[in-house]
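Protein chains in written order, with our numbering: chain U, 87 to 428; chain W, 87 to 428; chain G, 87 to 428.
Treat each hint with caution, since some may be false.
[Stated by the list, open to error] Keeping only pairs whose Cα atoms sit at most 27 angstroms apart, straight-line, the calculated DSSO-like set for lysine-lysine is: (1) W/407 - G/88; (2) U/376 - G/413; (3) W/376 - U/407; (4) W/413 - G/413; (5) W/407 - G/413; (6) G/376 - G/407; (7) U/376 - G/407; (8) W/407 - U/407; (9) G/275 - W/413; (10) W/396 - G/275; (11) W/413 - U/413; (12) G/396 - G/407; (13) U/407 - U/376; (14) U/396 - W/407; (15) G/275 - U/396; (16) U/413 - W/275; (17) W/88 - G/407; (18) U/396 - G/376; (19) G/88 - U/413; (20) U/413 - W/396; (21) U/396 - W/275; (22) U/275 - G/396; (23) U/407 - G/413; (24) U/407 - W/275; (25) W/275 - U/88; (26) U/407 - G/396; (27) U/396 - G/413; (28) W/407 - W/376; (29) G/396 - W/407; (30) G/88 - U/407; (31) W/396 - W/407; (32) G/275 - U/413; (33) G/376 - W/407; (34) U/396 - W/88; (35) U/407 - U/396; (36) W/88 - U/407; (37) G/396 - W/413; (38) G/376 - W/396; (39) G/407 - W/396.
Quick caveat, the hints were computed from the structure, so don't treat them as lab data.
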Amino acid sequence: MKTAQEIAEYVGGTLEGDPRQQIHGVGSLEHAGPGMLAYAEAAYVDRVPATGASCVLVPAGDHPGRTVILVDNPRLAFARAAQWLAPAEAPQSGVHPEALVHEDAAVAPDAAIGAWTLIEHGAHVGARTVVYPGCYVGAGSRIGDDCVVFPHVVIYPGVTVGDRAVIHAGVVLGADGFGFVSDGARHVKVPQVGRAEIGSDVEIGANSCVDRAALDATAVGDGVKIDNLCQIGHNVQVGAHAIISAQTGVAGSTRIGGRSTIGGQVGIGDHCRIEEGAIVGSGGGIPSRKRVPGGVVYWGTPARPLSDVKLQQAHVSRLPKMAEELKQLRDEVQALRNRLDD
Amino acid sequence: MKTAQEIAEYVGGTLEGDPRQQIHGVGSLEHAGPGMLAYAEAAYVDRVPATGASCVLVPAGDHPGRTVILVDNPRLAFARAAQWLAPAEAPQSGVHPEALVHEDAAVAPDAAIGAWTLIEHGAHVGARTVVYPGCYVGAGSRIGDDCVVFPHVVIYPGVTVGDRAVIHAGVVLGADGFGFVSDGARHVKVPQVGRAEIGSDVEIGANSCVDRAALDATAVGDGVKIDNLCQIGHNVQVGAHAIISAQTGVAGSTRIGGRSTIGGQVGIGDHCRIEEGAIVGSGGGIPSRKRVPGGVVYWGTPARPLSDVKLQQAHVSRLPKMAEELKQLRDEVQALRNRLDD
Amino acid sequence: MKTAQEIAEYVGGTLEGDPRQQIHGVGSLEHAGPGMLAYAEAAYVDRVPATGASCVLVPAGDHPGRTVILVDNPRLAFARAAQWLAPAEAPQSGVHPEALVHEDAAVAPDAAIGAWTLIEHGAHVGARTVVYPGCYVGAGSRIGDDCVVFPHVVIYPGVTVGDRAVIHAGVVLGADGFGFVSDGARHVKVPQVGRAEIGSDVEIGANSCVDRAALDATAVGDGVKIDNLCQIGHNVQVGAHAIISAQTGVAGSTRIGGRSTIGGQVGIGDHCRIEEGAIVGSGGGIPSRKRVPGGVVYWGTPARPLSDVKLQQAHVSRLPKMAEELKQLRDEVQALRNRLDD
Chain U
87 MKTAQEIAEY VGGTLEGDPR QQIHGVGSLE HAGPGMLAYA EAAYVDRVPA
137 TGASCVLVPA GDHPGRTVIL VDNPRLAFAR AAQWLAPAEA PQSGVHPEAL
187 VHEDAAVAPD AAIGAWTLIE HGAHVGARTV VYPGCYVGAG SRIGDDCVVF
237 PHVVIYPGVT VGDRAVIHAG VVLGADGFGF VSDGARHVKV PQVGRAEIGS
287 DVEIGANSCV DRAALDATAV GDGVKIDNLC QIGHNVQVGA HAIISAQTGV
337 AGSTRIGGRS TIGGQVGIGD HCRIEEGAIV GSGGGIPSRK RVPGGVVYWG
387 TPARPLSDVK LQQAHVSRLP KMAEELKQLR DEVQALRNRL DD
Chain W
87 MKTAQEIAEY VGGTLEGDPR QQIHGVGSLE HAGPGMLAYA EAAYVDRVPA
137 TGASCVLVPA GDHPGRTVIL VDNPRLAFAR AAQWLAPAEA PQSGVHPEAL
187 VHEDAAVAPD AAIGAWTLIE HGAHVGARTV VYPGCYVGAG SRIGDDCVVF
237 PHVVIYPGVT VGDRAVIHAG VVLGADGFGF VSDGARHVKV PQVGRAEIGS
287 DVEIGANSCV DRAALDATAV GDGVKIDNLC QIGHNVQVGA HAIISAQTGV
337 AGSTRIGGRS TIGGQVGIGD HCRIEEGAIV GSGGGIPSRK RVPGGVVYWG
387 TPARPLSDVK LQQAHVSRLP KMAEELKQLR DEVQALRNRL DD
Chain G
87 MKTAQEIAEY VGGTLEGDPR QQIHGVGSLE HAGPGMLAYA EAAYVDRVPA
137 TGASCVLVPA GDHPGRTVIL VDNPRLAFAR AAQWLAPAEA PQSGVHPEAL
187 VHEDAAVAPD AAIGAWTLIE HGAHVGARTV VYPGCYVGAG SRIGDDCVVF
237 PHVVIYPGVT VGDRAVIHAG VVLGADGFGF VSDGARHVKV PQVGRAEIGS
287 DVEIGANSCV DRAALDATAV GDGVKIDNLC QIGHNVQVGA HAIISAQTGV
337 AGSTRIGGRS TIGGQVGIGD HCRIEEGAIV GSGGGIPSRK RVPGGVVYWG
387 TPARPLSDVK LQQAHVSRLP KMAEELKQLR DEVQALRNRL DD
């Protein structure tokens, strides 16, 4: 429980209204009730008078009779305040009696290892890290401090995860990359003996996969956020603070630059170079070995600058009219010819 | 074991042939053997004479020497008869000695909880519901009556599932939605503190994900069927009896109307409004904030009415011819000019 | 530890340099160190002088002062040598005390069954097969010899897997196909009572799904390699030695010919016939009931021969120029008309 004044100070905003308003949780502008904090971005400020929330983070405006906190970025302030008001419930630390920790594994005393989780030999689990029930942490893998590993995550041997990472349920880290070479009759497996390295402050969504490298390492940089059901192929490198939305796939050896933003269901071929700050719209397809520069929105398959795609779409849309004009012109030319022939 | 006559009565059809034919199972027209029931839709009725099945559900026709049951919809009658002939084998009820049920959880006495399944505090499992081995049911979650939860399903805290739902292996319900806000340097997580509410008679395919809401609730309505490897983002609302095929992704806050049909690998952006009875063909892409009306097939990326897509494809296909015509016309105009110049 | 000479003999190559060079592992040309074997395909042979590897598999060339092995196909030779040098570490055989094997299941004495893995009644696990922790092998399922089943694989009842198959973490085999029939008001489930049959030497990537058939069998042929997060629908048949890349989905009853190559994120509709040796580029979409012939690269949605797609793309790219030409022609015709009118 905090007061509105305390929250205003925490987020660096200016309070208007009742500073002693008691706040115990967060809610949406539409459904929040008494004791709750909500937020309104500029487009929704007109809904503030009707909210049931006791306090609202707003970017501007006059809100007589309401308790509001003026901030530059209400959503950012809300994110911070929500974390502060309701820190994630951490399970009790210690190794559950139904978990198995190999005698050669190192688990920090204040880490929490859930039931039916196996920590294999040579693995390391850092301070205050929570590994939920039913996880598998392979031999020699290393999870840093303050991580949360949700149920049923599988970490193959030799994977590293930095600090403060959040790995959601069903994620598979370090499975073999997809590498085969034909001997003419059969596909011979190219042993996938590299590593997978996940940085600090990374979040990986449910049922996503990051494959281990064939040789060397697949690397996901610090602060990268990956949504659900994504596929990161072997030897891919994802630069720091990139965003990868749901169901996107990245094929082998591609490099994704730092602070790039990849939409949902994007397909990126192998050996591509997606540069720092690049933006690929949802559903876009990048053929193998292409380069996508930063700062321009790319879209479509094969992906091109969005402005090019839109221009081309406009031209294509005008095709029926163009066909009509062509027909008309043919008639006119015929008419001219007739006049000459007469 | 039922007789052909009993089956005819059960499905409301008319028997022709031997009413005492004993039926113990179901099979395909091609591979069914003695004692088995098959079905033939209109297009395959000519294959009835060659089947090894002892009884066939047919829409019409004369089938001398065979035992058939005439019904309006053979596939529907088959679906009902198959369920009746071979009800799903239910594991023994009770809590497996290797399962863990928190003392503050409520599990119906006739529910079945498999080995290495954890039912967390405050969770509820309804009557006759089967939770297979290796599942995780988070704190305060609620699963209704007569559900089947296959192995390795992860249900985060605070998720509700109605009655008679079928949740396939590897499904993740209630993982955090993908919400971040930049503070200029880093992506700050927007706490995902809402709920996920799954209705009754819902089926969700293997390894699919339904995220919890940021605030309020992600809602999957009664009777919705979701195929494998689908992604339902935070705050999405799926109306009753919608169908969503494999590998489709739905981004945040989109509303999918009741009885709509979404093909496979469809991508639906955030804040879309897919109206009741809408149909989106496989592979279609709906950009953010678009509206798709009901009753018309939409396809392509960006998705448009299928008739528009086909018309445009026809125009594009005619491009080589059009280029040729343009060239010809240029020549003719040149010829006319020459005649005038002469 | 092997000598360079032993490796040369094993892969059938010609050694140049020091035959007694000791090799204990493999690495990339860039990062390998002393005692390691690397390989260089033709395009990278110029990097051989700078490598830290003690021995390099090369296709040709003169490499004074280096120990190299000349082979026709360096990547293939490397794959073989790497497997030989570092055979996969197998867990100890036997049933882990925390595993549960039904008394009516048959587990080979030299198989390894990990903790919290359940082998249901009537199931069979073959010789030297490893089933990692947390797997579920349903009633009557059958896994052949020398397979590796990684953690958290769920095999529904009645699924068969051949010999030497590799099934990665989170894979779901034999879940219900997506089959419903409307009774006008609701979707009635069509019982999925068929089987799923996985051949020998198959590899299936993490979190992929192969559904059981409605009736009869879904079949994945010998030597097929399926990448992560793929969906193989009910009654699909995948011919021997086909390759299916990540996030591809194949809808019901489609047949994929032997030795075909399907790229990533491909969508294949139901009842398609993809013929032997077909090639579908990444992101391609095959509408229901289409036939794709072998030996030609198909791409796009709806997929067509790549040459057609490229030709059409070229025509579309020329649209702005074409519009310009059309306008010019209109002006010229107008000019001619003016001359005639004068």
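Going through the hints against the structure:
1. W/407 - G/88: Roughly 65 angstroms separates the two Cα atoms, so the pair is violated.
2. U/376 - G/413: Roughly 35 angstroms separates the two Cα atoms, so the pair is violated.
3. W/376 - U/407: holds, 26 angstroms
4. W/413 - G/413: Judged against 27 angstroms, a Cα distance of about 13 angstroms means the pair holds.
5. W/407 - G/413: OK: residue 407 of chain W and residue 413 of chain G at ~18 angstroms, within 27 angstroms.
6. G/376 - G/407: Violated - the C-alpha atoms of residue 407 of chain G and residue 376 of chain G are around 35 angstroms apart, more than 27 angstroms.
7. U/376 - G/407: holds, 26 angstroms
8. W/407 - U/407: At roughly 16 angstroms apart (the allowed maximum being 27 angstroms), residue 407 of chain U and residue 407 of chain W satisfy the hint.
9. G/275 - W/413: violated, 58 angstroms
10. W/396 - G/275: Not satisfied, since the Cα-Cα distance of roughly 33 angstroms exceeds 27 angstroms.
11. W/413 - U/413: With Cα atoms ~13 angstroms apart, residue 413 of chain W and residue 413 of chain U stay inside 27 angstroms; holds.
12. G/396 - G/407: holds, 18 angstroms
13. U/407 - U/376: violated, 35 angstroms
14. U/396 - W/407: With a Cα-Cα distance of about 24 angstroms, the restraint between residue 396 of chain U and residue 407 of chain W holds, given a limit of 27 angstroms.
15. G/275 - U/396: Not OK: residue 275 of chain G and residue 396 of chain U at ~43 angstroms, beyond 27 angstroms, violated.
16. U/413 - W/275: Not OK: residue 413 of chain U and residue 275 of chain W at ~58 angstroms, beyond 27 angstroms, violated.
17. W/88 - G/407: violated, 73 angstroms
18. U/396 - G/376: violated, 30 angstroms
19. G/88 - U/413: Distance of about 76 angstroms is beyond 27 angstroms: violated.
20. U/413 - W/396: Roughly 21 angstroms separates the two Cα atoms, so the pair holds.
21. U/396 - W/275: At roughly 33 angstroms apart (the allowed maximum being 27 angstroms), residue 275 of chain W and residue 396 of chain U break the hint.
22. U/275 - G/396: Distance ~33 angstroms between residue 275 of chain U and residue 396 of chain G Cα, so the pair is violated.
23. U/407 - G/413: Given that 27 angstroms is the threshold and the Cα spacing comes to 13 angstroms, the pair holds.
24. U/407 - W/275: Violated - the C-alpha atoms of residue 275 of chain W and residue 407 of chain U are around 49 angstroms apart, more than 27 angstroms.
25. W/275 - U/88: holds, 21 angstroms
26. U/407 - G/396: Holds. Residue 407 of chain U to residue 396 of chain G sits at ~24 angstroms (cutoff 27 angstroms).
27. U/396 - G/413: holds, 21 angstroms
28. W/407 - W/376: violated, 35 angstroms
29. G/396 - W/407: Holds. Residue 396 of chain G to residue 407 of chain W sits at ~16 angstroms (cutoff 27 angstroms).
30. G/88 - U/407: violated, 73 angstroms
31. W/396 - W/407: holds, 18 angstroms
32. G/275 - U/413: violated, 54 angstroms
33. G/376 - W/407: Holds, at about 26 angstroms.
34. U/396 - W/88: Cα-Cα ~63 angstroms, so violated.
35. U/407 - U/396: Cα-Cα ~18 angstroms, so holds.
36. W/88 - U/407: violated, 66 angstroms
37. G/396 - W/413: The given pair, whose Cα atoms are some 21 angstroms apart, holds under the 27 angstroms limit.
38. G/376 - W/396: holds, 17 angstroms
39. G/407 - W/396: Measuring from Cα to Cα gives roughly 24 angstroms; hence the hint holds.
In summary, the numbered hints that this structure violates are 1, 2, 6, 9, 10, 13, 15, 16, 17, 18, 19, 21, 22, 24, 28, 30, 32, 34, 36.
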